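Numbering-wise, the sequence shown is residues 57 to 271 according to our numbering.
No wet-lab data here; the hints were simulated from the structure. Since we're looking at a predicted model, the values are computed, not measured. Using N, Cα and C, we set each Cβ at its ideal position, and we do this for glycine too.
Label-pair restraints from in silico Cβ distances:
hint : residue 1 : residue 2 : range
1    : ASP187    : ASP240    : 25 to 33 Å
2    : ASP81     : GLU215    : 20 to 28 Å
3    : ASP187    : ALA83     : 33 to 41 Å
4    : PHE176    : SER224    : 12 to 20 Å
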Amino acid sequence: MIVILAAAGMFGWRYAVNWAPARSDYAVQGIDVSEASGAIDWMTVKANDVDFAYARATVGAAGRDASFARNWAEIENMGLRRGAIHVFSLCAPAEAQAGAFVATVPRDPEALPAAIDLAFDQGCPARPSRDVVLTEIRRLAATMETHSGKPAILRITPEFEAQYQVGSAIPRPLWSTGFYRAPDYFARPWAMWQSSTIRRIDGVERPVNWNVVAP
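Can you make the complete structure from the sequences, with help from the hints?
Listed below in structure tokens is the structure:
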């Protein structure tokens, strides 16, 4: 019995780490990576039907992803569409966060819209009021958009959206999160869906976030 359960568990895990939404439902699919992804061979990644890639650039006001510059250059070298992610912090002013992003991410008119990642961080206990948070996100987005020349896309976890209802207050494209089943926690349609945070693909040392574009 134990052997059967172990085998079933192994099968389930292998299925989970290799799963992605069907291309017939979502034709455009890609990844987002950070220094936590480990070593990346972008030529191999491109051969795995990856259509685009986002790279984490900055975290809060002071955090800079150590792999960003390399990923940013190599994604372009492989001819993939590329975008940059800023991880928003409730513990740092928007002006400082925007400054970090602008100083780190080169201007590129061909880049995908810059992304703002909105999620609770255990290392930041602050929980400002909704009005304060929305004001800070708007300030951050405005500076990032001036720098990039495109409206930002907001990646918002269900927990963050439940507390602050950002999607209904800030008219920007939405990037939803949730494993396996397409999320429905926004009041309006999402533009992208992070369908897995544990996808394994050839060319990346550790699991990656897998994303699909709405049809």
